[in-house]
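Dock chains V and X against chain B, hints included.
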Amino acid sequence: MTLPISVTVNGTVYQSEVTPRLLLVDFLRENLRLVGTNAGCEHGVCGTCTVLLDGNSVRSCLMFTVQADRTEIITVEGLADGDELHPMQRAFTANHALQCGFCTPGMMISAIDVVGRYPDVDEAELREHLSGNICRCTGYHNIIVAVQEAAVELKGGQ
Amino acid sequence: MKPPRFDYERPTSLDEAVAVLVANEGAKVLAGGQSLIPMMNFRLASPPVLVDISRIPDMEQIAVADGQLSIGGLVTHQAVAASSEVVRVLPVVAEAAALIGHLAIRNRGTVGGSLAHSDPAAEWPLLCRLVDSRIRVHGPQGPGIVPGDQLNVGFLETCLGEHDILTGVDFTLPPPDSCWAFVEFTRRHGDFALAMVGVNLGINSDAITDPRVVLGALDSTPIRAHEVEEALVGQPPTDETFDAAAALAAEVCNPVDDVHATAGYRRHLATVLTARALRAARDRERMR
Amino acid sequence: MMDVQPKPSLVGARVQRVEDPRFLRGTTRYVGNMQMPGMVSVAFLRSVQAHGRVLAVEGIEDALSLVGVHRVLTGTELAERCASIVVPWDTFVEYHACEQPPIAIDTVRFVGEIVAAVVADDRYLAEDALELLYADIDPLPAVTNPLSAMAADAPQLHPNVPRNTNYRGHFANPKADRAIGASPYSVSMQVRMNRHTALPMEGLAVLASFDPNSQDLTLWSSTQMPHMVRSKVAEWLDFPENRLRVIAPDVGGGFGQKANVQPEELIISALSLELERPVKWVEDRQENLASSYQAKEEVVDCTLAFDNDGRITALKARFVGDGGAYSAYPWSPSAEPLMASTTVQGPYVVPVMDSEGMCVHTNKATSSVYRGVGQPAGTYAMEHTLDMAAHAMGVDPVDLRRRNMIGAGAFPYTSTFGGVYDSGQPIATMELALETVGYESFREEQARARAEGRFIGIGQGSMMELTTFGYHEMKRTGWNQRVSAYETARVTVDPGGGVTVRVGTQSHGQGHETTFAQLAASVLGCELEQVTVVQGDTDSSPYGWGTWGSRSAVAGGGAILQASEQVREKAKRVAAHLLEAAFEDIEYEDGSAFVRGTPSRALSLGAIAQAAIVRGDISDEEDPGLDETFTYKPPSPYAQATHVATVEVDIHTGQVKILRYVVAEDCGQMINPTIVEGQIHGGVAQGIGGVLYEHLLYDEDGQFLSGSLMDYLVPTANEVPSIEIKHMITHSTVSKGGIKGMGEGGAVAPLAAIANAVADALVPVCGWQPIDTLPITPESVLRRIEAHGAG
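Protein chains in written order, with the working numbering: chain B, 1 to 158; chain V, 1001 to 1288; chain X, 2001 to 2791.
Not the full set, but computed from the structure, chain B residues with beta-carbon under 8 Å of chain V:
{"id": "1", "residue": "R21"}
{"id": "2", "residue": "E42"}
{"id": "3", "residue": "H43"}
{"id": "4", "residue": "T50"}
{"id": "5", "residue": "M63"}
{"id": "6", "residue": "V66"}
{"id": "7", "residue": "D113"}
{"id": "8", "residue": "E128"}
Calculated from the structure, these hints are not laboratory results.
Predicted model only: the values in this text are computed from it and were never measured.
Positions of the beta carbon are idealized from the N, C-alpha and C atoms, including for glycine.
Chain B extracted, bound-state conformation (with noise of 0.2 Å):
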């Protein structure tokens, strides 16, 4: 069993057939080649697959990819307009928040939904709202600064 699909990532419209039960974040993976949303757990806990769907942050490994039928996606991959790295990612290598690199992807997918909507969040609130997202590599202390930055930032540009 196959069924049609059209799903907008990135601003660029896909057509597919695809079975149900394949996952959003392989079909993102293995069928467009956005290879950036990485799977971290394949449960929803760890958070490394996590993109913008219509807007707002959900774990492509917890969709199957035939409900994201008439949504608009945006991964990592369509974070920076060309050469203009998005603020969130200048702010991450600014502030060293990336080692392995592995959780960054979701990572700041995640933070640019939470400076959206809470452009005046503190530290405490930030850590809060990123528990969603495991990173092992740094301790999160310079993901909570790049990501404080760049609220700064994208604040400021509205």
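Chains V and X only, in chain B's frame:
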């Protein structure tokens, strides 16, 4: 960790959805999928057919009318947590919804899905016992109503028939001067709680009226702690009253051991959290 | 007169990482990202029994009847082509090596052990096939406690490992018991350290591709040690090593878990050789938790004795490691207790020491190395026992340390075990940490808080961190049978003036593309952007030992510094020839050479390279090219640090909240302080996980209970505080550039610091009680209060 095969249906009406459920033995309803899909990825669940109800209209509303708060089955936890209407009329619901998992889970997970999944550590079944509520259901006989405190009957078990779809929940708004609190204890932020307690009570002329105390994650479903409530009725809202009543919470629940805590520790938490919730409710009232 | 202003050195500079863009943009090169034409995927049938006889693997025909399923490989079949994993250690007397067939043949010894491999078009199909397979296993009695596993009547896991004892190393000193008996004060404690997993966010991933035309096998693996993997896969599969290429592209964390040969590397390679097509396996989280190498479970006994002045007279310690089922190459599970038993002394003067390490097999997944390897347990033993002694003697714990720490003037200091602490200032480092946290004012705040019914505490952990495990240390301990731990760097200047650094270390998050470029650029005086670092590919990087054991900055970095200096010296010689000047008159600055006093006629590195490579415009004595290789036999410098934690304990729930976390550390010359701090942050977070949250649980029958990230709790941003870091800089006296390793140190001291803080916070509630079981769960705190509280 890849899910097993299944057939997928995406009906656009409740009757159609029920018909698919009736026609396919073992078919399961798929709402946000935040509980079902992890189980499928572990291959702990293998439904032959999934009925995706996300395109069925009229289940994504939050409405306040006639003294009740109505939440559609497809409303997400995050939509509840962020709803200024909910915060205004029934803040305990918004506060509890904000404690569910993490943002990305709340963005997908639905009120109806959580209620139907019936995890004893989930917030929604507790809320349905804490506040007078009615569960809206659509089944082969059409629409129906289940009292909110009768839906969740056991561990991952509801009173619904296998062809019923949970379409929403209506909460009766408590008196505006009632005071409430919702507290939970987790190892880490966003984890399933080891114990949680919701309280709602009135304070009239320095006496407690209509107390309601519900314990979550401490039994196969959330439970009303009637003994605790009886120990509160008519008493002054003092720490002594609260502590004496809360001590009973440990006795009325029936928790289990798991890798995170023993039953004994959970019983202890029942008392500690009940006392804290009662104080928080009173102190919130006093701040008003 | 022209004023030549040298650029500020890149060594020690906070340079932004050059590797970041691909990680930020999602154009990464993790093995799991790869697709190849004809590629097939593998899933493994794994044992659900902790110990048993494999009678049969049933359902193979049913599995093969599924469309898209190509092969089911059993252990018996694999054994015809692949040797068993064995970790020899002939130099050590009390050591017994077991054998591990990569796929179990007749016996399984832990839940999660591979019983069969399924090859299918994709992972979904492979898992469908698993549901049709069934391993018929006749259960045997299991043993899960290392102490009981040593008993004569315990279930025996391996025929050639008597009493399940993999290793026993007793650095015995009969004077220890006498000294303890003769001392006015002595305290003893036992602690059970919890079983951990490193949990890199990327699990293992392996892709093998055999080309029947060229007869070459290429193996992509998320490994920390590509060259060693190549040697051992070639040996055990009896495949010519020079036809095997191992590539470790981007690796998503490792922390030691990927510093071992994996059974899966052998199986996937064997399958690709057989099927003559690319075969891929990406470990899922369930497999990573249950089957990947685990770590750190030990039963620790420690006794410290003191004279009337509070000076240590003797230390006696024993570390019994729970080795799990098998032995990982090259470390064996003995690495953990061995390291603990040989580093327990820490930064203290210990006149007499008797220390023993043992490692015992049990029916759990195999233990190997994880960040710090034994040093967290050793540091915990020393630091927690010191606090115990301070309370027993009525001395401030800080004062007790001041009395016993090795003074700065005593370096180099030969430890009781014979390691040479090359340099350091432990007391000054500790004082810096205490000053930063405000020790005295915290004690006042603590008294006020107690009066309000709040229970806050402070604890410290001070450590010497054995880093690099260099060439000589490997020889001294006999580990060189498997790992000699030299490191080679090749530094090449191309005719355009670009510099390529090739090295055998393997960055998996540490930022070597940046720090190693900083080293070469600083020596060659060129821009950072001119330098490219090549690593993780056995075809293009020199044989080397990968990245583990806080070795890369010292070993790889030292080799790069020396090779770069050789390039610079040669560039000066070539310049002397071109400028018709004496070598002694040539100055080299900012990437160009000139005759002293005439910088206006400087030759750039590119111009020199043109002469040396393209035109052969060099003296007759000179070899053409500008390409130097240096093989370094690195030393083992000691870094050191003091961590101080303050915590608040909710005595009603037992919940521990970390209030502040301060690290004062000294890793000698830093290459990039930003990266150093990042390493400390990450290490501390893993330490916090280890002491408060992380615990791989097995029941008594060996059933695994921590199979998801809902069960195995790692700290999130909400459980880790902001981490305050202070640097001391005492250059190593033994390493090139004064560098000391530091990658693991952050994870070494948190266990001790936080446990000490929790015990301190609880003093008014239940007196000072040793924390004898890790992790410190809320429930365990309450039990301690209940057992010892005044009521």
